[in-house]
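> Sequence:
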Amino acid sequence: MGFTTGFLGGVTLTSAVLYLTISMHTQNRMQQAALLRQQRQVLADFYEPRKPEPEPTPRVVPVGLVEMAKDRWNRSLEEGIQKIYNTDWRKVREDAEDRASALAEKIRQQSK
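Each residue of the sequence shown is one higher than the one before, starting from 1 at the first, in this note's numbering.
Hint data in this document are derived by calculation from the structure and do not stem from the laboratory.
A virtual CB, placed ideally from N, CA and C, is assigned to each residue, including glycine.
Take these hints with a grain of salt, some might be off.
Label-pair distances were calculated between CB atoms; the ranges are [to be verified]:
(1) Asp45 - Leu8: 53 to 63 Å
(2) Val66 - Ala104: 24 to 34 Å
(3) Lys112 - Lys70: 52 to 62 Å
(4) Lys112 - Lys91: 27 to 37 Å
(5) Pro54 - Lys91: 50 to 60 Å
(6) Ile81 - Pro58: 56 to 66 Å
(7) Pro58 - Glu97: 36 to 46 Å
Given these sequences and hints, build the entire structure.
Right, dumping it as C-alpha cells:
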C-alpha cells in the first residue's frame with residue numbers, strides 16, 4: 001500500500017466516521033427538541049389551560065319575499081290571538097246585555 005492510497009483511505013475512513021457521528025448527534029438533538037416541546041406543551045396546558053374558543057357568529061341569510069310574507073302573516077295572527085286572550089269577555093257580555101235591554105226598552109217605548 002502506497003502513501004497516496006493509505007492517505008486517501010485514512011481520509012475516507014475519518015470523514016465517514018465524522019459524518020456518521022455528526023448525523024447521529026443531529027438526530028439525537030432533533031429528538032430531544034421534539035420531546036422538550038411536547039413536555040413544555042403538556043406543562044403549559046396543565047398550569048395555564050387554554051382559553052375557550054369564542055362562540056361562532058350566527059350566519060345571516062338574506063330573507064326572500066315569501067319569508068317576509070310569512071313573517072307578516074304570523075305577526076298578524078299572533079296579534080289577533082293576543083287580542084282574543086286579553087279581552088275581558090265578562091265586560092263584553094255585560095255591554096251586549098245593556099245594549100240589548102236598551103234596544104228592547106226602545107222598542108217597547110215605540111210600540112206604546
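> Between Pro54 and Lys91, does the beta-carbon spacing fit 50 to 60 Å?
holds (53 Å)
> Do the Cβ positions of Lys112 and Lys70 conform to the proposed distance bound of 52 to 62 Å?
Holds, since Lys112 and Lys70 (Cβ atoms, about 59 Å apart) stay within the stated range.
> Given a hinted range of 24 to 34 Å, is it respected by the beta-carbon distance of Val66 and Ala104?
At roughly 52 Å between Cβ atoms, Ala104 and Val66 fall outside 24 to 34 Å, so the hint is violated.
> In this structure, is the beta-carbon distance linking Asp45 and Leu8 contained in 53 to 63 Å?
holds (55 Å)
> Using the Cβ atoms, figure out if Ile81 sits within 56 to 66 Å of Pro58.
violated (28 Å)
> Starting from the range 27 to 37 Å, see whether the pair Lys112 and Lys91 falls in it by beta-carbon distance.
The hinted range 27 to 37 Å holds for Lys112 and Lys91, with Cβ atoms some 32 Å apart.
> How does the Cβ-Cβ distance of Pro58 and Glu97 compare with 36 to 46 Å: does it lie in that range?
At 53 Å between Cβs, range violated.
Checked against the numbered hints given earlier, the structure breaks hints 2, 6, 7 and satisfies all the rest.
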